[in-house]
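Quick mapping for you: the protein sequence lines, in order, are chains A and B. Taking my numbering, the leading residue of the first sequence gets 1, the next gets one more, and so forth. Taking my numbering, the leading residue of the second sequence gets 1001, the next gets one more, and so forth.
It is possible that some hints are incorrect.
[Unchecked claim] For lysine to aspartate or glutamate, the following EDC-like pairs were computed, each having C-alpha atoms within a straight-line distance of at most 20 Å:
(1) A:K121 x B:D1721
(2) B:K1268 x A:D125
(3) A:K68 x A:D18
(4) B:K1268 x A:D14
(5) A:K68 x A:D125
(6) B:K1274 x B:D1477
(7) B:K1268 x A:E17
(8) B:K1184 x B:D1109
(9) B:K1184 x B:D1315
(10) B:K1357 x B:D1477
(11) A:K69 x A:E87
(12) B:K1764 x B:E1616
[What the hints assert, rightly or not] Now the stretches of chain B that chain A is said to cover, found in silico as 3 or more residues with beta-carbon under 8 Å:
(13) 1100-1107
(14) 1182-1189
(15) 1417-1426
(16) 1612-1623
(17) 1675-1686
Derived by calculation from the structure, the hints in this document are not laboratory data. The beta carbon of each residue, even a glycine, is placed where N, CA and C say it ideally should be.
Residue strings, one per chain:
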Amino acid sequence: MTSLNINGKQHEVDLPEDTPLLWTLRDHIGMTGTKFGCGMALCGACTVHLDGAPIRSCITPISAAAGKKVTTIEAIADDKVGHAVQEAWIALGVPQCGYCQAGQIMSATALLKTTPKPTDKEIDDAMSGNICRCGTYTRIRAAIRQVADKGVAK
Amino acid sequence: MSAAFDFAKDNANTEVASMSRRTWLKGVGAFTGLALTVGVNGLVMAANAAAPAKKYGGASMPGGTVNDPLIFVSIGADGIVTIIAHRSEMGQGIRTSLPLVVADELDADWGRVRVVQANADESRYGNQNTDGSRSMRHFFTPMRQVGATARLMLISAAAARWNVPAAEITTKNHEVLHAKSNRKLGYGELAVDAAKLQVPAQVQLKDPSQFRYIGKDAFGSVDFRNIVTGNTQYGIDTRLEGMLYAVVARPPVYGGKVASFDPAEALKIPGVVKVIELKGSPPPAKFNPLGGIAVIARNTWAAIKGREALKITWDNGPHGGYDSTAFKVTLQEAARKPAKVVRNSGDTMAVLGQAGKRIEAEYYIPHLAHATMEPPAATARTANGKCEVWACVQDPQATRDTVADRLGWKTADVKVNVTLLGGGFGRKSKPDFVAEAALLSQAMDGVPVKVTWTREDDLRHDYFHTVSLEHLESTLDAKGKPQAWLHRTAAPTIASTFVAGAKGEQPGELGMGAINIPFVIPNIRIEAPEVEAHTRIGWFRSVYNIPHAFAVQSFVAELAAAAKRDHREFLLELIGPARQINPQEMSDTTNYGESPVLYPLDTGRMRAVVELATKEAGWGRKLLKGHGLGLAVAYSFMSYVAAVIEVVVADDGTISIPRVDMAIDCGPQITPDRIRSQVEGACIMGLSLALTGEITFKNGSAEQGNFHEYEVLRAFSAPRDLRVHMVPHKSSMYDTMPLGGVGEPGTPPIAPALCNAIFAATGKRIRNLPIRDQAKKS
């Protein structure tokens, strides 16, 4: 049994310890907001926060998440920066197909929480691990800039 | 929701005897002796001399168009208007845009509109095959009629209740009004009465100047909120009670099959339930599963681990020697000798042999994979004589037909629920992965099964974009004007995926920017060598326009440079004066399935996007060292797009893109911000394929398995400033000018504009994609 704290709630899962957090969330706990994209930490679709830091859940075994706080897209609205990011995403019409956007929002939120006023380069560096095949990058940058300019993260 | 204006119950006639794709494709097999054409939807059709009068546009598609409000609209007693979205949503916003059109004509309050996704049933909803950039093109008018007719029925119901002439009644924002008597009723209060009325055959559409939603920017998407909160359902997200999870080891070579396998080690993996051989079918692939060995498990991870433990020996079949390096030579050889002539005016060969400045160039674009961020995934429950699937499909009806065909069942026994698509780009037009899920659930005695393709599966077993070698020759006269144009376009055809032995580009593929060039050149000859396919070839966003536009627009820039002319001026001169050209005059008989009269190639509109993009980009402005501006224009899917890219090439060959200006004329604009976003996305996809996009084959198999090997554009490489400029139009044009496509037309001009910019910056001409480090100083 592995004990996981996900969005403030305890979950006991009976899975091999090397099972990635991604598949545990999606297939066992039933939270499908976190997406599969590559399985090799190359695309960022599966990004969640582990004790506040962005990680790729597709290569993170549940043994590494045990005893830590996992935050997923389903609960990021509870964070004021996360909420502001979501609202900026809607206001600027960022999503197209939307599939990668959970990961994008998790990465953007993590960036803004540590770097409230990121430079263009800091934005690109933080976001280049998240692939968007629809090509929403320029709007993602603008949305991050908008949140930063509003000073939500301070 | 309490009943009312009731569309929801299935009419008995859901299985109208329209020829399904399945029958259609089988029919093709029997007619392989006839000339083959590839329709705008890419499906192969047999050209039959005895065919009935030619239909165009939506009417020519399977299922045609439907404008019956009882099918698309329901209104609850609470006033909630529910509108059916029958086209698939993959990021283009169509699930919002088409219902918005209905709501505008209906005078509905958008805040009280709900959108429900249709399942697969073209006999009920009309065509649902969401590709070819044609959802709005074919359904703008039918959806206007749906909304206007429903509104008229509400007015008639009010007229009867108040006993006043209908002509005295108006509507405003979800209410029916009678000004004379100062009475009003909400739509919900009239819905039951309205639904009992005969559907009027004739209806007056709104004057476009009265549109409240169409052409405005404020409506976002019905899915945005769910997307940003993680509440959406894509194909990969389906969860059913008792469901099992499958991954499949597919033959690494197209047409290969399992020689032998040993499941023992896989079955030892915790969570693995069963190992099943999945039957494939010999090429042509059509929409059928490739076959292989499936591992069924209690979660996706266990299935993946189980698959790794399988021992399989493959019989690779006839394509086991496919090698992309060798095939490039095959294409070159084919493109360097005379081939089937598909357009000919004047005497190109004679003029090319005469005096003058002769220019020759060859361009190569490799296979590409779609790499939708959501890989193919589908869930099926095949039990008790019924099969129900949940899947991210662009072509719901073809999915239904394919699943029925593979099960050997009637179409009526298959239900296809369409989820959101995490990207489509043409990959999800092919429902092979859905049939896999249906067959595996059947093999598991009706236990629901979800099939997930890993990224490796997606990249190695795609319906790949074709590979292409484009050979061009021209002669400039003393004034630098091209006197002849020879273009041999050598690429395997998508038809090969449907008909064994189909070789070389077919008319619909040639009509994507190879034969339908409007240039003012006295001698034009286009040839299509008959080259074979050795893998599954399929539609990829903008399809054959990608290689054609790359070659044609690069070559024009090369000619301009040879003539020592400004590229923009030279291009405008080649396009010539504003005129409307019937595509048939350019030997284009397909015209994306649209009427040549309704949709001529309008050189005035082509000129206008070149002028707009170059003006906005400041064409001719002084640039810093290492910077260059590149231009290209393309006409595709009835829309005109020009791109100007500013590039910076560092000494080490690193390319960065400070700015892109794109101009689009897609005719009347329905949801402007979604048009802008589609053009932005098309630009990013174009840059991806130009800079790094390449799938190579060795010993018959695709060599790239994940994003470290198949690189796509990331944030750090995206243009710093990406601007989309739309050619403005008057509101009256909604009634007078036919719509153009939006999803695809932005892609074709990007690769040539980028390579033209690199040439401007460095003097280096790149003719082989991807660019990678070719811009490096040699």
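Need the list of violated hint numbers for this structure, in ascending order. 2, 5, 6, 9, 11, 12, 13, 14 and 16
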